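> Since the structure of chain A is already known, use the hints to place chains B and C with the ligands on it.
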Amino acid sequence: MGLVKYILRRLFTIFVSLIAVIIITYILMWIAPGEFFNIAQFQASAGKVATLTPEQLQVLIKGFEEKYGLNVPLWKQILNYLKDAFRFKFGPSFSNPNEPIEVQIARRFPVTLTLAILSMTLAVIVGIPLGIIAALKRNTWIDYISMFFSMIGSIIPAYTIGVIMVIIFSVYLRVLPTSGWETPKQMIMPVICVALGPMAVIARFMRSSLLDVLNQDYIRTAYSKGGTDRAVIIRHALRNSLIPIVTIIGPQLAFLFTGTVWIENLFRVPGLGQLFVNAASMRDYPLLVTSTFILSLSVMLMNLLVDIIYAFLDPRIKYE
Amino acid sequence: MAELLKVNNLRTYFYRNEGVVKAVDGISYKLDYGETLGIVGESGSGKTVSVLSLLGLIRRNGRVEGGEAIFDGKDLLKLSKEELREIRGKDISIIFQDPMTSLNPIMRIGIQIMEPLIWHRLLSDKDARDRAIELLRVVGIPEYKTRFLDYPFQFSGGMRQRVMIAMALACNPKLVIADEPTTALDVTIRAQILNLMHEMKEKLNMSIIFITHDITLAMNFCDTIIVMYAGKIVEYSSIEKFIKNPLHPYSQGLLNSTLDIEKKEGSLRPIPGNPPNLINPPEGCRFHPRCSYVQEICKEKEPELREIEEKHKVACHLVKGGNLNA
Amino acid sequence: MEVALKQQKRRASYWSAAWGRFKKNKMAVVGLIYIIIIIIVSIFTPWIAPYPYDEPHYAHTFEKPSAKFWWGTDDLGRCMFSRNLYAMRNALLIGFGSQIVVLIIGVIIGSIAGFRGGRVDTILMRITDIMYAFPTFLFNVILVTVMGRGLFTILVAVGVTGWAGMARLVRGMVMYLKHADFVEAARALGSKEGYIIRKYILPNMLGPIIVSLAFGIPNGIWIESGLALIGMGVRPPMPSWGNMIGAGIGYIMAFPHMVIFPVLTFALTLLAFTYVGDGLRDALNPRSEV
Ligand SMILES: Nc1ncnc2c1ncn2[C@@H]1O[C@H](COP(=O)(O)OP(=O)(O)O)[C@@H](O)[C@H]1O
Ligand SMILES: [Mg+2]
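Chains as they are written, first to last, in my numbering: chain A, -4 to 315; chain B, 46 to 371; chain C, 7 to 296.
Simulated from the structure, these hints should not be mistaken for lab results.
Since we're looking at a predicted model, the values are computed, not measured.
Warning: the hint list may mix true and false statements.
[Said to hold, decoys possible] Keeping only pairs whose Cα atoms sit at most 25 angstroms apart, straight-line, the calculated PhoX-like set for lysine-lysine is:
(1) B:Lys75 to B:Lys51
(2) B:Lys246 to B:Lys356
(3) B:Lys246 to B:Lys75
(4) A:Lys132 to B:Lys126
(5) B:Lys119 to B:Lys171
(6) C:Lys70 to A:Lys132
Bound conformation, chain A alone:
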């Protein structure tokens, strides 16, 4: 059937997009002022990792030059990298030459994935009922209050809400820690912060989608058959109104991963977002490309997953 073919085609698109992302990132780094491979910077960070003799340092630098083909033309470097990337063998980073990048990623990826999945789950399981209640109680104070809060949630960025939460829960109430990612207590604030934006958007969209569906002819038909409010809303309105929701979850995923970049830095959560920001601020280019690559890949794969769910919800979808 069409599903397998559809997934394969989508995977191909993802593949092409990723290549584009890598090429663009590489070119940007290449045109950046200053040397691509900054020896002073490297020495500084290498010094952190281990004390090296000048000879050992030379060996390391040689190794980098060979590994990343720093002396060959740009297109060859990119090709080299692409070969590595699709085998998930990335080699060392400038800032931490003793640990291959894939090991660093492997350590941090689960953290970010957990943060993203927990947040998305929270956003969905709170946002959807909130939107439903607002729609069913439209033009009452319940509706106004929940829509006011989702307006705030969708325009005030995650990190600002994070700061406000820290002030409330850490400074004044002293119930939650300000940083870390070991205990569930430490996870509460980061997850809520990342979730709030998508939650607010989902709630607003759910409300308008359900209102729209409730105006459809087939809802009137269901009532005309003798359905109770409950039966009509649950059996006919909800499922139809959920379908468009799935389409905004895709863009929300991009939004959500941006949120994790901020929130990981704000709450010192050792995830990919933090790795990415460290790489950028230290101009550790191999690490920067790779973390961009992995983050983009995650967003695209989750998007694909969302689209597959969409197809299951809506029988009209044929994977043309």
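For chains B and C with the ligands alone, coordinates are given in the frame of chain A:
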């Protein structure tokens, strides 16, 4: 014959920013067991609203302002929400105009047909299923056993309307309301659906309210006819009397504007002008701005629906002694 | 000629009707007044601010709000109020500036796709689709890493990654307007393509574009402070809301005033822009009134 439904002075208004839309403004009629009543009028004359009001299905910005609708001894307009729900789909069911939008697009049609049976606790799940399959056969769906599990988008317009009819018949209702059941369909399909409705009418002996804007169709199909204009009844007659002597200028206009195959082409004459704005309807007779026989009195005084002869009522100042004296 | 006059009249009444609708939305009017005030304040910031943004007062570090320092001081004893004013000024510069970049790129790409159609359209829209579902913030960071942390480079970086929505919008409208009745009429009268674009198509696209820009400005402000928060914003000592929040968070337990003020002004500004955006959308797009 015994009376099934008696509507008295029904009024339904909609509240909009621009003002109050008097969509249905005081209509009265009755319907016997087994009778087929046609409601005819241009689009926007209040036909749909007049029947949806009976079942409490009008949109939130609308309200039934007054009147009564005695169905089987109970006033539908005074029933509680739950009592009314028990009547919907079981005693009175509706076939809607547009089969493209009136079926839930993501629910299997078999399930949609089963719903009224289950909601009214008439049959067990399994029996409801058998009944739904049987209904699909009755309304003429080919391969009805497998199509039971199909979705609406897998059906053509005509087939969907058959599904709507099956759904309306599911609980053997006393009254079926068909709101322009063929308007949204291709011309070639219309005759088939009408034939089906004819067949059902003969077989099942139920009462029907048949809404259409096609006056000749109503004349072929119904026992009694109501002509509505701008929320009011302008003529109300048994079909024999109406065929012999349609009296209201609006009824005559409708008749002239439909294409009669036997006559020559040139005879097609649409009524000039447009239906009025129902927020500020014209003074006097609401039809007077478009009426070619208009006189002073028509602009000042609203005509009453008067009995001209037995089973024939007209609301026009100019009808006297069984004739239109213009 | 007569057609053109009629068109102009229609347009004039469209704008005045839109203004009438906008005025009815109280939150939008309040937001607009707030925005006008902060724009004026931002223009005159160097004269209004009680202290230079980078002047330290080592005898007054971490002070709570007082008559001397209205919103207190930070770790170097710099006046928080003055720094906030400069942060606001930077935010507005980036918000408006980034939208100019968005407008230029979005209109060019959108109109090419819309006018050309065919393969060009398909390719451009594919790129736009990818941009739309991509965490563009990553590219913001990379661009800033590459181009440096100046106000102007940040503004360009925000614009360069944010044009996808605008391009889609413009393309859709060009496709529609290309075949709209009054455009066909002008074409039939022998008007040149360039004249049609300037006289008919652009004015009709103005409403939706303004709405999109109105929502884009807070988004730009948002991204800038997000960049600043992770140390990729304007270079200190130049203040921005993001780096003030980022710096303040370190002292949040002891000196919450260091974050409360920037967070509040920041949030208020975003809210104001969003309310104005909502008001504009409802005013310029009467359909949504229902
Ligand atoms: N929800 C509503 N809000 C406002 N006006 C309505 C609404 N529904 C129907 N109307 C108005 O009521 C009048 C009668 O409508 P309707 O009964 O649908 O006409 P018909 O079925 O005869 O074509 C129309 O003028 C229509 O504009
Ligand atoms: Mg109707």
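> Each hint should be assessed against the structure and marked as holding or not.
To see whether the hints hold, each was checked on the structure:
The hinted pair formed by lysine 75 of chain B and lysine 51 of chain B meets the criterion: a straight-line CA distance of about 4 angstroms does not exceed 25 angstroms. At roughly 22 angstroms between alpha-carbon atoms, lysine 246 of chain B and lysine 356 of chain B fall within 25 angstroms of each other, so this suggested pair holds. For a cut-off of 25 angstroms, the pair hint linking lysine 246 of chain B to lysine 75 of chain B stands: about 19 angstroms separates their Cα positions. Restraint check: the Cα-Cα separation between lysine 132 of chain A and lysine 126 of chain B comes to about 18 angstroms, which is no more than 25 angstroms; the hinted pair holds.
For the hint linking lysine 119 of chain B to lysine 171 of chain B, the alpha-carbon distance of about 33 angstroms lies beyond 25 angstroms, and the restraint is violated. For the given pair, lysine 70 of chain C sits about 45 angstroms from lysine 132 of chain A by alpha-carbon distance, which is inconsistent with the 25 angstroms threshold.
The structure does not agree with the numbered hints 5 and 6 stated previously, though it agrees with the rest.
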